[in-house]
Amino acid sequence: MAALVIFAGFNLTFFPQYLLGYAGMPRRYHSYPEEFQVLHVLSSAGAVRAGAGLPAAARLPGLVAALRRAGGANPWQATGLEWQTRSPPPTCTTSTRRLRRPGGPTTTGRRHEHGRVSDPPHTPQPAPPRMSGEATADFGMWVFIASEILFFGPLLLTYAYGRARWPEGFAMASRHTDVLLGTLNTALLLTSSFCAAAAVAAHGARRPAWTARLLAATALLGVAFLCVKGLEYRKEWHEGLFPGPAFTLAGEGAARQGAQLFFAFYFTATGLHALHVGIGAVLMAGLAPARAARPTGCRGRRLARVAVAGLYWHFVDIVWVLLYPLIYLVGRHP
Amino acid sequence: VKPPRALQPLAWTWAALLVLLFASLGSAYLPLGAFNLVAGLAIAGVKIALIARWFMHLHRAPVWSRLAALVAVCALALLAGFTVFEGATRAADPAPWQLPQQLPPARR
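Residue numbers (our numbering), protein chains in the order written: chain H, 1 to 334; chain W, 1 to 108.
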């Protein structure tokens, strides 16, 4: 039902737009000739209809959950050993990692059970490759960071492009940023990154009190960064540096255009970065309470949470390390 | 209460990062011409390497994690190359909000 409503709504939204495009309507204007009005209204109606389908789709997860509850752990009354567990199966079933060599005794945990040792103890056999909980979490975070590299990378590319085209405009605009606040913020973020790395180290050394302290310090420094950034935005807004009709930076022609594009980049890049800092601060503050920092649960998961949050934080720091010279230091010496 | 000993190399890294930050700031005021940007980016590169090595422990990360980072950087370099090609072969038009007048529709 939801699929049908959304399908119909989607087509009703975009088909009129194809027709409009075919009729020669230009895009991104604020007023249009009357003859396009009917198709515009049709398109809007389609969008509303597609939106109306979404609440119906939102009920799907609940439906799936209900079906799963009805099924239970063993819906087919199978007798195989693999069905004699909960559904979904528990993820963390041993407190120590067991490396079992094929055919050999386990290297940790209970070994030599029933006195059965089938192989001589020194048979060189490779351990089966497997990922621990830590490695899986680490890999997952690095994949996320990879996607973030491809998210922030093009932003830096637009900067490089703009600077190559409008060197004077970019240098002039850069001179109007607040280098003092920028440097202060860089120092704050570098220090917070140190705190995050120290928290991971303390966590690995089973020092929960220090872990909690350092995580809280990381979050606080992140909040301090955001406060400084807010002050800076306020100052720039009052100086008329926000791109648009009220842009006040002196200069003519190409230099003025370049300066506007610099500040468009500045607000986009630092805004997105600030969003990342905010998310990271919430993450760190959430991990900081002693309950989260105390070493409980299985080893992999316990280590992974703090370590993965640390990785994210360092990446956010790296983005700023790149933004700092590009925004604040370019053109300081004309 | 003594802090864990593992914090020591991290503290040195932090000190090095701050020294580099001020070196970067100082270099911006020297009359180096185009090398101002080069110096700024080179120092940023050293800082990133320090963070990746000592804070993120990239050298100890599983091979899949390192591969993920490498793939992202290579993909970015590829896309950057294409962007440069495209930028070099196009004329620069000002954005609509940079000019007060509005272009007429293509057909009425």
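Because the hints were derived from the structure by calculation, they are not lab data. Quick caveat, the model's predicted, so the values are computed rather than measured. Worth double-checking, as some hints may not be accurate.
With the Cβ distance kept under 10 Å, some of the chain W side facing chain H (calculated, not the full set) [as the list claims (entries may be wrong)]:
#: 1; residue: L10
#: 2; residue: L58
#: 3; residue: W64
#: 4; residue: A80
We put the CB at the ideal spot given by N, CA and C, even for glycine.
Against the structure, the hints:
no. : hint : verdict
1   : L10  : 5 Å, holds
2   : L58  : 9 Å, holds
3   : W64  : 5 Å, holds
4   : A80  : 5 Å, holds
Hint compliance for this structure: every hint is met.
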